[in-house]
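Protein chains in written order, with full-length UniProt numbering: chain A, 1 to 364; chain B, 1 to 364; chain C, 1 to 364; chain D, 1 to 364.
Treat the hints as calculated values from the structure; they're not laboratory data.
Treat the hints with care, as some may be off.
Copies of one chain are not kept apart here, so a pair can be met inside one copy or by any two copies together.
As the list claims (entries may be wrong) - Computed list of lysine to aspartate or glutamate pairs in EDC-like fashion (alpha-carbon distance at most 16 angstroms, straight line): (1) 295 x 55; (2) 5 x 143; (3) 241 x 328.
Protein chains: 4
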Amino acid sequence: MSIKKAGVLGATGSVGQRFILLLTQHPEFEIHALGASPRSAGKPYSQATAWRQTELLPESVGNIVVQECKPEAFADCDIVFSGLDAKYAGDIEQAFVEAGLAVVSNAKNYRREPTVPLVVPIINPEHIDVVANRVNAAKAKGEKRPGFIICISNCSTAGLVAPLKPLVDAFGPIDALTATTLQAISGAGFSPGVSGMDILDNIVPFISGEEDKLEWETKKILGGVNAEGTEFTPIPDSDMKVSAQCNRVPVIDGHTECISFRFAKRPPPSVEQVKKALAEYECDAKKLGCHSAPKQTIHVLEQQDRPQPRLDRDRDNGYGVSVGRVREDPVLDFKMVVLSHNTIIGAAGAGILIGEILNAKGLI
Amino acid sequence: MSIKKAGVLGATGSVGQRFILLLTQHPEFEIHALGASPRSAGKPYSQATAWRQTELLPESVGNIVVQECKPEAFADCDIVFSGLDAKYAGDIEQAFVEAGLAVVSNAKNYRREPTVPLVVPIINPEHIDVVANRVNAAKAKGEKRPGFIICISNCSTAGLVAPLKPLVDAFGPIDALTATTLQAISGAGFSPGVSGMDILDNIVPFISGEEDKLEWETKKILGGVNAEGTEFTPIPDSDMKVSAQCNRVPVIDGHTECISFRFAKRPPPSVEQVKKALAEYECDAKKLGCHSAPKQTIHVLEQQDRPQPRLDRDRDNGYGVSVGRVREDPVLDFKMVVLSHNTIIGAAGAGILIGEILNAKGLI
Amino acid sequence: MSIKKAGVLGATGSVGQRFILLLTQHPEFEIHALGASPRSAGKPYSQATAWRQTELLPESVGNIVVQECKPEAFADCDIVFSGLDAKYAGDIEQAFVEAGLAVVSNAKNYRREPTVPLVVPIINPEHIDVVANRVNAAKAKGEKRPGFIICISNCSTAGLVAPLKPLVDAFGPIDALTATTLQAISGAGFSPGVSGMDILDNIVPFISGEEDKLEWETKKILGGVNAEGTEFTPIPDSDMKVSAQCNRVPVIDGHTECISFRFAKRPPPSVEQVKKALAEYECDAKKLGCHSAPKQTIHVLEQQDRPQPRLDRDRDNGYGVSVGRVREDPVLDFKMVVLSHNTIIGAAGAGILIGEILNAKGLI
Amino acid sequence: MSIKKAGVLGATGSVGQRFILLLTQHPEFEIHALGASPRSAGKPYSQATAWRQTELLPESVGNIVVQECKPEAFADCDIVFSGLDAKYAGDIEQAFVEAGLAVVSNAKNYRREPTVPLVVPIINPEHIDVVANRVNAAKAKGEKRPGFIICISNCSTAGLVAPLKPLVDAFGPIDALTATTLQAISGAGFSPGVSGMDILDNIVPFISGEEDKLEWETKKILGGVNAEGTEFTPIPDSDMKVSAQCNRVPVIDGHTECISFRFAKRPPPSVEQVKKALAEYECDAKKLGCHSAPKQTIHVLEQQDRPQPRLDRDRDNGYGVSVGRVREDPVLDFKMVVLSHNTIIGAAGAGILIGEILNAKGLI
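In isolation and in its complexed conformation, chain A is listed as follows (with noise of 0.2 angstroms):
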């Protein structure tokens, strides 16, 4: 397989500096251009970013001179990934996808757009199909390959669906579900983001936007295609009553997630049947051989204090996702814990695992 060459939008932020520290270590990718804002363009990587990763910042990454976030300097790019921040997101990725070239977002501004996949690369990678349909109709027609932006979900809807989508599977809908989040600060970005003052000895209990990106994002997830393979038709709210509750919390990284459900069907599986079908589904990314496809998706976790975040957020990398205390629930049928890795499966992460997919498919 030969190297893919990668753009980075948004280098210099927080996202923008995970991607790059994914690609760094990746066999499939190499980095080719960097882009950032008219103030950091022109310097070195090194000059333009205050590095904080826990990994320094590999000195050949560092020479590379930050371009503007505009098309032509990402021209020979295979894909692009963007880590813009929302304010920016919206017109640069727009322009990119009209360059023709293949963006995989982190930005919001997509992600509810009938025609854009929502994609958490463990769940959902069929709805990358309605990309690749679009693509076949422009290969049988003889025209190039069109541009096109996938969007990486928010960081707490891909833990949240990572478990109801083997249920879905197995059980049928889900008609009710409420979700209460801890969240780890690193989502939140280095500056301003969380600051010490507000997080220390202490808990946020509101996260601007999350609630409704959680509670709508869900539904596209895990909902269908139209009969033409063109567009999203997320669940309607009649048929799934989603309610969220976010919360920030002190942890550096990962999601925990208290969540109960109902089953649509009577009576409701088991317990038992329940933890069965989490711990054998397999993501599609693992069969499609991607390399960072977690070598177990789901992780059901027996031990009554588990899963928490310091101990469990890099199962597989941060590509697994753990569940614990699955047990059955007074209002609703079953409540559990869920935890994922906010940065890699709720962000850059999943980006780059995206990235592979569409690599493994041929539409890169």
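On the provided structure of chain A, position chains B, C and D as indicated by the hints.
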């Protein structure tokens, strides 16, 4: 009002230290006797305990010689506050009651006894009437006042029922309730307590026995009393479904609870009606003029990111409860965030306020 | 004693909020005017600031309309407390002084001015006499009282000099001193302040400008005044070598400093003599009867694991300093651990106590 | 190279778990026997221990049946790593040595024995030669290899001597040294370990016995060997004054140490010379080709706010030490900040690297 003589059982533990801290500054009580294990008995309190409160131990208290937890040593006490470990509380507290003493206990042992009041003093002080009835019956027969025990609720139960009671009073029964708690570590005491390795950069999604306590105690506290006024009649499970998910978080003091609930009556009230009922609730302890009663029982906060434990836990010296983010819930009727001070209204502080109520009612 | 009118500059920042918090509960001062940036001016204070103190903002203060930081608006103030950022403090405070106002400033701008007192109020209130001399000279000439500025020391300086001054008084000059600080994050304010990502499960071994402040200010505070009583004469570097290493640690309030030092005189005193001198030190502010003066200026702790910030920072409402582990040092003479409350005796609280001293001395 | 059979004593404790974690991934060693208390003996390891590492316990290790810590059960082991508590280590390790076994111990019991090497493997592996001399003497006499013990240094000692050794090699003896440590909690283990109540929003300025260890061990590690090559000759107190102040801070892993020191020789080297000597130091373990030896022994950081534990502790898998802020010191000659991973180079990891050195030297 004459000063009442107070005893403290389990005086060297963390709940005992809190009782002592609150009593040393109290206008109605004076510390008369301190009880602890045989290992501590005979030593001055300052040597028997590893004092770890944020205020210094008053010398006068440090000089008190610790006794074994036997009724004889507490015979002169008007009231005995028990911070005993559940392992010892059962036998010791029974002996004290049989010896005619008035015991206010933080232990879980007698909470589910049908004749024992389980009291959150800002919420259901009227449950003390079951004891008052027994006292009055004895008085009527010319007998001396019988010993009795009043149980303080579990810490997370206190925060949960605080906003529920005013709402049930105003809008009728709640038939479904979910609570996900983010509990401070002070509730687990010092040694062993929660290990630093377990709670730094981490969440523990399990507290032994806690979910069951939250689910069960809520139904007794919001429940009624039989016609004879002698026994408590908790709400049956079939009438009120309660589901709890309890987490330990890196916070020193203050339990945060994300709750959602549904009223039995249709249609439910509006968000504004709910907030008004909470804000206007005035606890009986305040009406009785109790020293520690909160000026404002429930603080309804309008800022979208409140309550927060570090900023709001000390409201009304920890006797006031804060509620924020009151909003409609897609699954049940409403959701909100509740914050209560776990060692004040959720433990030792509640005991002191119960003592004040007993005093105001002439029961000690 | 008549109530003095107080103004606060930089009222919306974290130091300004602390000034306000302390003034709202103060028997000698009342808040008369609040100043902030033009962006905030014209708004009620409650709207201009994001109040983040642990006590609620009193409604009466929330309703005060914020002004721009111009002397006219503060003309009626008997005293003006400045929590201004160093970026703005230089010009604004000068204008206030020129307008004849009495300014107590937390900014660093004028600390090194030879004619400006740099005061830790429990340590060197006699430095205020340099201002008193100017005031008296003007009075003698029949002129009105001139404006003046008193600077509050850097927060870590306050904790450092607190135990040194009594020792120098008792045993003569210190000629070598090392201090490694473990500083709380509240000193850096809220926004940006210290990022949660920087301080959770972490230490930052650098605080911009801090080591230089600690090393320089110590020599001015422990230094003298020229013969005319008009200018300060810091201890020369050759007479006192000071070396600081400053760290930011995950603590909300309370600076811990591990210090060691050598007396110029041989032989040095004994450990017991050192402890006695510290314990017996009584600050002038207490002798003057100042409201906020600590009952005990230096608390000498005998427990081997104290002082600790969470347990000891609030001693004497944060105006008392705690010293522990006084012992001989193999390299210099003695080593010890010092704890001081950085936002009380190290910042806003010091300003208030300076105000009380000014009031007691009839300078405002 | 053949695989060596390794035993682990104290296998269920936190140091034992770390030994096991490192051994399960090791190319030279395989776990052959696990020893723990009689209470654990007879149980499969997975049941005997509460595994709390960030990587899952491999099933193959979990199935090993735990033995009592008696030499018979470890007779086939080429090397035995001891994570025993000091309470038990004395007798057990002696019995193992007498039985002819090679023991690498993390316990403090034998560190001060004149014939026992106290080794930081990246710093003084040549101290192992004292054992090699004994082994060779026995060999020469046709006797079988005698048992021996190598002691791992205290965790904070390892970080301290790491930069000192290259400097002493380059510039001669250091005659005065002060170190203030900010130590992570993982060094104290899990149960009880450091209580969350003691370390959240707090500093504990005391670690029992630690300052003495730091002051004493440094002089043995930087010291020499007698002419016969049989006994260690620590630097006398009169030649090197060492003063330590040890603090526990809210950090999971990674000890930060603020140190300052003076060379005996005048004039001292320049800051640049000091940095160069540190950066160019290459440890013997690397020259020996040891698997775990750091690629770069001392990382000299130029950013003004580094090293930081969360970002820098895992450098070279925790076997590399980071040094930053090298600068002149007004009291001694230089000051700097040192960061080392306390459970890797400061404990179990050091043991494994010592094992590799023993293997490379043919001593096991």
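Could you check the structure against the hints above and give me the numbers of any it violates, in ascending order?
Violated hint (a single one): 2; every other hint is consistent with the structure.
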